[in-house]
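K.L.:
If you want the building blocks of each chain, they are given just below.
6 protein chains.
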Amino acid sequence: MRILVLNPNTTAAVTDKLMLAAQAVARPGTELVAMTATRGVPYISSRADAAIGGAIALEMLVEAHTEVDAAIIAAFGDPGLGGARELFDIPVVGMAEAAMLSACMLGRSFAIVTFAGGLVPWYNECLDWNGLRGRCAGIFALQGAFNSLADVQHEKEAALITLANRVVEEHGADVVILAGAPLSGLAATIRERVCVPLVDGIQAAVTQAEGLVALNPRKASAGTFARPPAKPSIGVAAALASRLARED
Amino acid sequence: MRILVLNPNTTAAVTDKLMLAAQAVARPGTELVAMTATRGVPYISSRADAAIGGAIALEMLVEAHTEVDAAIIAAFGDPGLGGARELFDIPVVGMAEAAMLSACMLGRSFAIVTFAGGLVPWYNECLDWNGLRGRCAGIFALQGAFNSLADVQHEKEAALITLANRVVEEHGADVVILAGAPLSGLAATIRERVCVPLVDGIQAAVTQAEGLVALNPRKASAGTFARPPAKPSIGVAAALASRLARED
Amino acid sequence: MRILVLNPNTTAAVTDKLMLAAQAVARPGTELVAMTATRGVPYISSRADAAIGGAIALEMLVEAHTEVDAAIIAAFGDPGLGGARELFDIPVVGMAEAAMLSACMLGRSFAIVTFAGGLVPWYNECLDWNGLRGRCAGIFALQGAFNSLADVQHEKEAALITLANRVVEEHGADVVILAGAPLSGLAATIRERVCVPLVDGIQAAVTQAEGLVALNPRKASAGTFARPPAKPSIGVAAALASRLARED
Amino acid sequence: MRILVLNPNTTAAVTDKLMLAAQAVARPGTELVAMTATRGVPYISSRADAAIGGAIALEMLVEAHTEVDAAIIAAFGDPGLGGARELFDIPVVGMAEAAMLSACMLGRSFAIVTFAGGLVPWYNECLDWNGLRGRCAGIFALQGAFNSLADVQHEKEAALITLANRVVEEHGADVVILAGAPLSGLAATIRERVCVPLVDGIQAAVTQAEGLVALNPRKASAGTFARPPAKPSIGVAAALASRLARED
Amino acid sequence: MRILVLNPNTTAAVTDKLMLAAQAVARPGTELVAMTATRGVPYISSRADAAIGGAIALEMLVEAHTEVDAAIIAAFGDPGLGGARELFDIPVVGMAEAAMLSACMLGRSFAIVTFAGGLVPWYNECLDWNGLRGRCAGIFALQGAFNSLADVQHEKEAALITLANRVVEEHGADVVILAGAPLSGLAATIRERVCVPLVDGIQAAVTQAEGLVALNPRKASAGTFARPPAKPSIGVAAALASRLARED
Amino acid sequence: MRILVLNPNTTAAVTDKLMLAAQAVARPGTELVAMTATRGVPYISSRADAAIGGAIALEMLVEAHTEVDAAIIAAFGDPGLGGARELFDIPVVGMAEAAMLSACMLGRSFAIVTFAGGLVPWYNECLDWNGLRGRCAGIFALQGAFNSLADVQHEKEAALITLANRVVEEHGADVVILAGAPLSGLAATIRERVCVPLVDGIQAAVTQAEGLVALNPRKASAGTFARPPAKPSIGVAAALASRLARED
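First to last, the protein sequences are chains C, D, P, G, U and Y. Okay, so the first sequence: first residue is 12 according to the working numbering, each after it adds one. Okay, so the second sequence: first residue is 12 according to the working numbering, each after it adds one. Okay, so the third sequence: first residue is 12 according to the working numbering, each after it adds one. Okay, so the fourth sequence: first residue is 12 according to the working numbering, each after it adds one. Okay, so the fifth sequence: first residue is 12 according to the working numbering, each after it adds one. Okay, so the sixth sequence: first residue is 12 according to the working numbering, each after it adds one.
Same shape as in the complex, but just chain C (with noise of 0.2 angstroms):
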């Protein structure tokens, strides 16, 4: 099976990271197909930059959604996840989404741990859209700058590891998610020094990406993911106003 890793940011090095970790985890019969971004952001982190990604991941998905069985939207917070699941056959995954149903089979409370604070805001709104508030021990983030997002899990390598042992002890976490595409494939590095499970959101989205298409569920013809009625547009870009007109 074909599965897309579609990074809604325009940073190829986070790409790279990505289809790294996504590559270790694949089974062998999996391909992965990364896409980055030509337009938005260099790394999506505040809910603006994520309204304008939302966009960016449906501009891309209707340019590679027929050449693949399953997608995955890798950026932790999942822009436009929603909308590509009305507009799109196959299935699609959130990364975010993804590491949290998987760390729900880990723990009955997980952590979310990050690099940056300004990330959390965003974060939390998507903890609320998947209705797991419950299930979350807190979203926690590392205080202070950082050189360069392409080795910010290098550079921040130890702090990363205090913060997560410090949530189990002082949060009550059960499992901790390594959250932001920059952190991808760290989990595996440290998975010996932090004292529970680990999880890296490009692995897990790849291990359910896997299994929706294992699963083979037929695309929605009622209820709230069936797709739209046919719909004229302006100024959006030509293949997705296709999509939207149902010319396709």
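Watch out, some of these pointers could steer you wrong.
Where chains are identical, the list cannot tell them apart; a pair therefore holds if satisfied intra-copy or between any two copies.
Dumping the calculated EDC-like pairs for lysine to aspartate or glutamate here, alpha-carbon to alpha-carbon at most 20 angstroms [claimed, not checked]: (1) Lys242 to Asp139; (2) Lys230 to Glu203; (3) Lys230 to Glu166; (4) Lys242 to Glu78; (5) Lys242 to Glu74.
Worth flagging that the hints you see were computed from the coordinates, not collected in a lab.
Chain C is already provided as a structure; the job is to place chains D, P, G, U and Y on it using the hints.
P.N.:
Relative to the frame of chain C, chains D, P, G, U and Y by itself:
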């Protein structure tokens, strides 16, 4: 004071309806400024539309925010609202949000009544985003098609009255929100034919925006609505890119 | 329009503070009418006080409701609010309710900050009555005694600023409500010294009451805020007894 | 032990019904003391009535509390309960509260069934105050008028049985509370004609009050039910004013 | 009346403690019957233990249920309680459930305080099962080991008092439940040294069981606690197999 | 990898159905190992059955856990799941849990549809245990008896399709879970006749178990799923007693 009525849809006839209803409640000293999207869809009615519309709302706000004292995102569902509160210094109010908050002062339990079933999923997400599930008796829509957005409130007047009275009787609503920009102004028309108070979205939004301007809140310099740090972007509308980059 | 500022406490100096802050935000055409309880306690600060004050608020409203377009129950905690909405035809707004609803448009998460710990239990019940627990970062009070109700906002100004900034930092509040009638007017004074927007209860209530009058909602004839059927009573203040008996 | 059965309504015939049902479950050593309001309404059935009744309940308790080991506020809805727990040293139990808590041990999900629709809003607020929404299958009332409070349980017996059995079938209730003081004693009468356990409010309250006396809890000197500091008042019933002032 | 005190653990010394505390509150006409598990673990303190103990509780109840008027599952956490309510005709009360429900009448917010951190996860699940999360200020445990179950309440008395007073101060608890069978009787001993009411689990359970017997509820013939249809089984304790098969 | 399909019921024909459906989605490298309970009931369908089955599931897991990479508790309701996660080092997945989590990626709101009303109470408790009430449109069961567990999916096929389509229409479900081991494999059969995606419990569980093995989480050494300290026991199955005693 000047208040922007931002219609993130491309249908000018709906903007006209919004403005007419808005003027009816605006205080003497309030100047209402209309703005209709020049790109996007004629009417947002799905999560996919809302994802596209959220980015468009930000593009529109960036053009107008310095000219007004407050802004209303005048599509029930409030696309882009969270991001707008981060990026801009003026109060920004969502039409759905305003309607629900005003309704809370008129009853324990509000119902949301609208003219098309396709709107319900998006409204549901907006309700949850506002954390008001416990105050809501339900979201109810007419069945069947309608002829034109601009006339739907007249075409469906009788059916909307019947539905509104029914949700009071069967679902215990104390107050009914008539939801969706095309229903602007209808509340006043049918006021005596529904047995509980009605809330008109744009009218609630105007009064809430006026109220916020009067309260004169400062822009947050901390918390989750402080303006985000400067960030580069690619392929984003120029003025919005400039705002993201904090060039103003 | 005329709006009643009903202080269900017996302290006229607090009514004065309320009126001063209220006038500062009232629109030109709004006439504010002050009313101070002639029986009751100097300041409601417990559930027992609130139970007594609820009946008193109704006794006061029955005297004044025909002379005004809307009324504000101007004690944070909103004694008698539900009953008032049943008995009277005009909009009635609670000061706590108004503050919380206005705060919802200025942040995801509001904190309530007050000057005395004894107020917290009652405020907590009011928060739950409004169904806004999910939007609240917490209710926080200064420790220690104060010299006089009338001066407490000056006496404790520095401590309140420190506490407000602390709850933003430590509890993630996006907006802070300064709660309790004796703090009326303080928000404007310390506006620049707290890092997030402040909400002044009476000012929020004035703007909300003005807004409701502008919306011109009908009195419910069904639902849970329809006026109750006529009922006799014994030993209840004469005008209130008459209202219960539907003699007017 | 002595337990006060405080009817905050003025209808002595209802007090008689309460006492008859109460005696049927009281243990041998329990002496029940009846008290009927000498001011107020014949039957509390709205939020406005409850606001008035809350103050009256406190006035009554202050007269009797030193003579008994515990008190029951014997109106379903529990007017004044929170304030009573602050002001007095003895356990005070609400009839609605007791019924709901006892019902929790007889089923996952309790229904509240009553004889008049006007009672539902007040009961709903009481349910929320107790934080038991998640345990409640719904509040259900007969339609239509009744002839007399004193006879309503006989007049409506068949209809109440039908309604009770219906809410089990259609709403999944495991246990049914027969709510409202005028229904006191009915549960025993119709026990075999409803397919799930029934809870009689006053009987549950007697057993809960007996239980609390047996547990012999201390009066809180901290927490939110510690007795409030002394406070002056004007125009409040003399004994209650004295209690507020801590003159005893 | 006869009430079974069923200890699903194998430690007779704990049963003795339970009985001593139980006798102290039982009414004159109540005969308490002790039963200690003959198989299982000395003390249930994990979800795994509880899974084992749930089946054991049913095996014990089937032996004794016809001889008593009500039964108490006397391990905080209430193993097997739901199943017991299905299978047997008498009221069955859980010790944790009873403590929490009694605590609800003594405060808005109860804290659960226990002697070993290992118990917290199981107690948390029990709290959720009862739907009382909103009434709970938290579950708190002493750190560190203890010498013997039978003596832990004396060994840790000072630490438990300190912890109880601390959770009142820091977490706003109005009432404290001393949780875990080995703490039976401690509440009376330390009553004056904690600033809020204490609830002793077994004592609450005895009063609740007595109360339910007095209420004389019928066995459900519908709803989710009706007795299940006959079912065969293999390798289940003979008397329990017989009960499942409805051979009695 | 090897995955245990643990049927805690004694009906081998149901295990066969589970295995057939499981094989249909298992990846090439996955070896599924079937295990049928040798004691217990033919089909768990009540809380009492589940209490018995929880202990049995642990007894079975202790025999098999070292031979597999993950285990599935293959009864909808997940008896013993929490305890299993404490005691064993491998990932353990519940069939209900897996179905609900997979369903979350296919819709906002999932319905659970099953073949017998007696199952609903237990499923309801499982839903709450997972904290997913807010994502569930309801649990729905066919009325009436069925002839045999092994054939129920064929016997009731038409009725299940009708019910599934009805809950989409009337209750807003976006996705339907076909619940209960005897329905294993039905989802694929009726895929085109229900208008939304269907989730087959055992198939979801296989994909989730495979996913967790791929994620390679460490066993918690802290948090609430760390392995409990050694504990003696009496009369517990020998291997389980040994595991509790940490003799391995």
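K.L.:
Taking each numbered hint in turn, which are not upheld by the structure, reported in ascending numerical order?
P.N.:
1, 3 and 4
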